[in-house]
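Peer 1: Listed below are the residues making up each chain.
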Amino acid sequence: MKAAAFDYVRVRDLDEAQAALARSEGAKLLAGGQSLGPMLNLRLARPALLVDISRLDALKTITEMPDAWRIGAGVTHARLEDLGERLTGARLVGTVARGIAYRSVRTRGTIGGSIAHADPAADWPLALVALGATVEIRTAGGGTRAQAAETFVRGAFTTDLAADEIVTAVVVPKRSAAARTGYFKFCRKAGEYPLVSAAVVLDPDRDAARIVMGALPTGPRDFPGLAAAVLRDGAAAASEGAIERAVDDALPGLDPVERRMRASAVRRAVLEACA
Amino acid sequence: MTLRREAGKLCATARPSHRDFDITSPPTDPQGIGARVLRKEDARFLHGRGAYVSDLVLPGQREVAFLRSPIAHGRILGARKPADRFVFVRDDMAEALPILGMSGLPTYRPVAQHPLAHEKVRFVGEAVAMACAPTRAEAEDLLERIEVDYEELPPVVDALRAKRDPSVRPHEEWDDNLFLSLGLESGFEENARKASVVVERELTLSRQAMVPLEGKAVLATWDQRADGLVVYASSQAPHLLRIGIAKFLGLDQRRVRVVAPDVGGAFGYKYNLHPEELCVAWLAMKFRAPFRYVEDRREHLIAGANTRQHHYKITGYADARGKLLAIDAEVTVDGGAYSNWHQTIGLEPGQIVGNLPGPYDFHGYRVRADCVATNKPGFLPYRGVARTGVCFAMETTIDALARAVGREPWEVRRENLVPAAAMPYENVAKKLFDSGDYPKSLDMAREAIRFDDWRARQRTAEPDGRLIGIGFATYCEQSAHGMSVFKAWGMEFIPGYEQAMVRVTPEGAIEVRAGVHSHGQGMETTLAQVAHTVLGVDLADIRVVLGDTAETPFSTGTYASRSIVMASGAVADACRTLVPRLVTIGAHLMQAATGTVRLEQGRVVGPQASLSLREIAEAWYCRPDRLPPDVDVGGLEATVAHRPQVDTGAFSYATHAAVVAVDPGLGSIEILDYAIVEDCGTLVNPMIVDGQTLGGAAQGIGTALYEESPYDPNGQPLAATFADYVVPGPVEIPDIRIAHMETPSPYTAFGIKGMGEGGAIAPPAALCNAVNDALRPLGVEITETPMSPQRVLAAILRAGAPAGRDAGAGS
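Going down the list, the sequences are from chains A and B.
Using my numbering, the first residue of the first sequence is number 1, and each one after it goes up by one.
Using my numbering, the first residue of the second sequence is number 276, and each one after it goes up by one.
Honestly, the hints are just simulated from the structure, not real lab data.
For clarity, every value in this text was computed on a predicted model and none was experimentally measured.
Treat each hint with caution, since some may be false.
As the list claims (entries may be wrong) - Derived lysine-lysine pairs resembling BS3-like cross-links, with alpha carbons at most 30 Å apart:
(1) B/LYS705 - B/LYS762
(2) B/LYS561 - A/LYS2
(3) B/LYS356 - A/LYS2
(4) B/LYS395 - A/LYS2
Claimed, not checked - Derived CB-CB ranges, DEER-like:
(5) B/PHE320 - A/ASP248: 51 to 59 Å
(6) A/PHE157 - B/VAL1002: 21 to 29 Å
(7) B/ASP317 - A/LYS189: 21 to 29 Å
(8) A/MET39 - B/ASP987: 20 to 28 Å
(9) A/PRO217 - B/ALA736: 34 to 42 Å
(10) B/VAL820 - A/VAL9: 48 to 56 Å
(11) B/ARG1073 - A/ALA162: 25 to 33 Å
(12) A/VAL105 - B/GLU875: 53 to 61 Å
(13) B/ASP1010 - A/GLY155: 36 to 44 Å
(14) B/GLU737 - A/ASP248: 25 to 33 Å
(15) B/TRP449 - A/TYR8: 47 to 55 Å
(16) A/LYS189 - B/PRO429: 44 to 52 Å
(17) B/PRO738 - A/ALA162: 45 to 53 Å
(18) B/ASP987 - A/VAL105: 28 to 36 Å
Cβ coordinates follow ideal geometry from the N, Cα and C atoms, glycine included.
Go ahead and model the full structure; you've got the sequences and the hints to work with.
Peer 2: Dropping the structure here:
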């Protein structure tokens, strides 16, 4: 279980990184390496070239803006965990970061790496969609484009990112003081990927609500109807039956065990937000 | 004995009631048998200075990687490999013989396993070719240049179906799919006939891997001076591995030396000869150079998914009060494709048939255990060997009977246990239980988890909608069984006289050499405690040497919870042999009559003076002019063999008690409390017993709730990494509380009973009984391990129960 041979370059800036990506077919960016590392060792990933961007300080800034937090793609989960409550208007980011894998993974794994890798069971694709975050991308020509997280993640391990593009930041909008969030995931073992997960953001002052289910092979799944009902009626709209109906509408034909488990995850995230 | 709570832990306060052992130190000796001393070996382990096979580097060594079969069953049509490299297939290895495990059990069918697959592959992960290179990565690169053509054959994946329908067979030369079938019947019909209550269950334990921290590992080289192999291997039994390598490479045993350095867990996985070990030894022999193979985790989870998988059809017969009258069982073991050398697959049904009756007093028994060949890795015995399965079957049956007669499971269990007054007791399977108070362990466990409080709490619904359940499992564990038992199992190697060598070194320190080997048991400490008990020498001055066939006397090794029992007897006897020799020399040096001199706390004490062992040793080694003329020329070292007076085994036992909360929304199980009351006779080091019990229980919890190696219908393993094979970690293991009883065995040295496996036996049974207690209001039961969320939810949904939580939220 050792990686196949690959070339490696540690770049000094994003220009160099993009040049390396453009130069080599099958080049892959290396940030925290917490997903890529095992895949290399299992020879599931066989890049010809690894472009190491893990030391680029430009990707490690966290900036508070009036209405959002801009989090550099190279920011580790551990830094967000440690910021925790100080992420005013976006505290869910700290909560989610704290629950990712183990501390040793969190000290290396990055938020940009996670969203770009788009593991369907990972936390960030789910949480960033629920938070209405935007992914900031550096394009091949050195320009910048922004894309909503919900369209950026297209499915399991699939994103809208082109081969020579780099995720540079995620921008998380601040919620009002009245906003409530809920996040629930069920892992068989602490630190492992969840079997089911859900995230809820309710912001009555801005008339915004999101209920999103994670850990789906098709990528995060939005429940707009249920979200509107919960925003209007609170927990009363989140009965077992109502949630199961919403799950049935979104994912018809689930086997009963999975249906129960998914509905429970959604319901618990909703009830947390409504508590 | 009383229990007290201290900082969240349950401790047994009282010391043993009787200790009439032949020991020279007082029982309060802070270093001897019974002392809670820190492990001598831990300094090197905790500082990362352990020396495992992976830490060893020999000049010019090559790393070996194995190409493994991607299909479950097929014919090898041909193979192409780079001719200019160190790449080998079976046909290149003429000097290596197929591995063949023989058993004297009736109906046993031997089956050869070639070191690399020969003509056919029979499971995914079977080694087909090997490549050698300076690094493992380069060796794996070479594997990619080997092309093997297979003709795929239909695989045998389901043992029950394979038993019914032998049209597809992993071993086509057989006429069915049975390695062997063992049965036993004793008083069944006449006792079953009297029953007024009958319960029948089908139970399944899933296949799993053993997952030691260190997988298998072997480094072999050629010693030109000795003209033989030196094999460093992560092994529980270096002396038997030596026999195996010599036998299957056609070498004399004197030309094979096996060194087992530090071993990072074994659990049975490292007791038998693995094909990879033979391959690496062959390379070293063939090329007179060092080669090393270290199993990685993916290989372990695929090619080492080899244990626990039992299926039971079990029927319990009882009277109206739940008094057990008879047990009838048909057990199917999914044996995988091959039978190992040397224990063979026969060990598993042997243990099933003998141990299914558990700690109970009943007289009607009928059992048949079938070992079925399937296209999976060959079955190996795992910590608890079959008893985890039989305990699961027996204990869930006891609970089912209790439910059937409408009584508390603990009450029915208690009334069926062999009472203390009946000891020694021969059970329905002719097992001789030596000593103990089984019902008392249950009483103490019930008290420990505050059973009545939980029963009271169960009467009101939990605010979070979870269902609470309480479960017990009581088992007894045959440990340190010897010659008579292994002979009956038809084993090729039968343990008998365990040997140890003890030497007083020139500086008056003690060296203990034994052929058993530690792979987590702490024997560098416990055997030193035994030597200290006899000789009184400070533990710091006692060194225990294990693991090297060139440095230790022969032993069949460490397995079957035997080492502390057998080796303690041998070490103590060897120490005792030295006592009169030391006393005689000391008396002469002090010019005192021998009868007035004794050994006391590591010194030879006379009427007027005393001498250190260093002074005695100095006389023997360096100043023979001072020795008495009639000095014992055996000198200051002795190798002595020991065999317990009765070698049918010392029976440890325990009751495990569990309280769980089942979440009907997710199917998850939280262990709210877990208590173990165990009796392994005389405790040599209570801290090590606690550690062993905890470690075993953690593995048992793994079997109960997490660990599973599933296969798809094509025989493809579905859990090849830790992402899919779930091993419980520190968060999943509850704060297990342990209390000890201490009933010495009448048959063994110091009254010690083995206990290395016990912790792993009861958790699936105790937890399943607890879960079924929780599900009782729903009228459903779990009958399969692991009790995964999916299985638990499926049962709850069968009952049509709601997800439960926050029912007040309206619908």
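Peer 1: If any of the earlier hints don't hold here, list their numbers in rising order.
Peer 2: 11, 16
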